[in-house]
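Undergrad: If you read the sequences in order, they're chains V and G. For the first sequence, my numbering gives the first residue as 1, with consecutive numbering after it. For the second sequence, my numbering gives the first residue as 276, with consecutive numbering after it.
Covered by chain G, according to a simulated footprint, are these stretches of chain V (three or more residues, beta-carbon under 8 Å):
hint: 1; stretch: 119-131
hint: 2; stretch: 137-147
No more than 25 Å apart at the CA atoms, straight line, and that leaves these computed lysine-lysine pairs for BS3-like:
hint: 3; chain 1: G; residue 1: K473; chain 2: G; residue 2: K451
hint: 4; chain 1: G; residue 1: K325; chain 2: V; residue 2: K65
hint: 5; chain 1: V; residue 1: K50; chain 2: G; residue 2: K340
hint: 6; chain 1: V; residue 1: K221; chain 2: V; residue 2: K176
hint: 7; chain 1: G; residue 1: K471; chain 2: G; residue 2: K549
hint: 8; chain 1: V; residue 1: K50; chain 2: G; residue 2: K325
hint: 9; chain 1: V; residue 1: K193; chain 2: V; residue 2: K274
Read the hints as simulated data drawn from the structure, not as lab findings. Idealized CB from N, CA, C, for every residue including glycine.
2 protein chains.
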Amino acid sequence: MALPMMGPQGLRMETSRRDLVKQTGALMIGAGFAAVAQAVAQPSAATAQKPPALPWPFQPVDPVKAAQAAYDHYYAGGCMFATFEGVTGQLRETIGYPYTSFPTYMLMYGEAGVADTATLCGALNGAAAAIYLMAGGIRPERKEIAFAMIRELFTWYEQTELPDFEPEVSMFDIVKSVAHSPLCHASITNWCKAAKVKTHSPERAERCAWLCGSVARQTIKLLNENAKGSFKPAAVLSTETQTCRSCHNIELDNTRGSMECGSCHFTPPATHSKL
Amino acid sequence: MALPMMGPQGLRMETSRRDLVKQTGALMIGAGFAAVAQAVAQPSAATAQKPPALPWPFQPVDPVKAAQAAYDHYYAGGCMFATFEGVTGQLRETIGYPYTSFPTYMLMYGEAGVADTATLCGALNGAAAAIYLMAGGIRPERKEIAFAMIRELFTWYEQTELPDFEPEVSMFDIVKSVAHSPLCHASITNWCKAAKVKTHSPERAERCAWLCGSVARQTIKLLNENAKGSFKPAAVLSTETQTCRSCHNIELDNTRGSMECGSCHFTPPATHSKL
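The shape of chain V in the complex, shown without the other chains:
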């Protein structure tokens, strides 16, 4: 009786303290011994703690709340942090550990395509990390499903008019654009052109905050579907990209990836205007 009371899952909390004291009265001496013995045998919580294997426990999450949470966290830590927090924050509240143990602020590194280098969109980077944490694992079949979900998200991002999430309150009206790329550089450039604003404007920052909401909501949609067993990849690469890949990624096998080819290879002008 004594050991379960001190076990790692804690005491049954529905029992009142008065009831417990009554119940344990007869077992008090034994409980005292057992508690001391366990305290000696067990290393501290800090050194003993190891993360559970992937995937971490998941239960269906409200996608709109996730989107709003992602938006709310954007100005505190950037796009990767905000999107990961939007996707995982509700689970930290409802499930608790192991989500309580994750150093979410590490993901500030992904801001503006990683440390402002404008490579991979931070919202996608954070969402991909969260998907792997909650649907992936070291087994090949887990990796396969998580990778399929991530690729589904990336293709949706490339082809969809975004941001398609609007927060409860916002400083601006935000126009939509199609990124045609999962890269921060192209995503921001194309949006700024559509919105006719500069990249360091408050409107652009607000657009990226909305975009974190869009990506978090779409990620939760995929994770909820996966939890129900109903996730099926549906996104289709552009016809042009499929054509390029049929030679380069398969027959010639001289390149890798599934980004839209035309975003870099065909759209830039062959000559620059006079400097």
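Given the coordinates of chain V, assemble chain G onto it according to the supplied hints.
TA: Coordinates of chain G only, in the frame set by chain V:
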């Protein structure tokens, strides 16, 4: 007396169990009550655990061991996982917690530019995450130093003949190439062209394993310098990229980033060979 014995850091371990039993004999009833009361009031070790604030503790690491560890882990979980493991693995051994609590397998998501989409090189993605964990934080001055280290690493990667690390034992001789990009897509394509092999060849996989070693070693070099207070950004963007940025990133402010512009904007042929 009773509460410290059951505290989250565990019992003073230098005291023998027999001594403890003697010492606690007179306090047994009290201890029994206190233990029960604490079990009710305090969540389990698992739910109580929260990660410490960034940056996590760091002490100088052997860069060659880090590189070898990154290489050794490549085939187990891909490039992002391997590089992060190479950079942080020694600290898990020497410092223990909080490194023992981190779910490193989550970083399998970054394989081949995230789920094989060939966006950001996974070695760079994993290294950037590790740098932020060990040198970054929510304070602006911490973010600034971590971002400077990450950008230093990215520019080094773009401009250096890699891989420049050779593991203790390898199946192949691996040639070097310059990526001219932090993206998996360009990095692999350029290397395969130089090595005259296909992207799904075992030689290409081995090249990426060596590359993880190179990136882990360079990352540790930066982190060791930072720990000594001697880190200074030294990498310089290419002259061409500086010229582009002087208008587009500053004056016009119509794009973002620091990737080599020519990698996408000028090198592709204007016309495709006949299909």
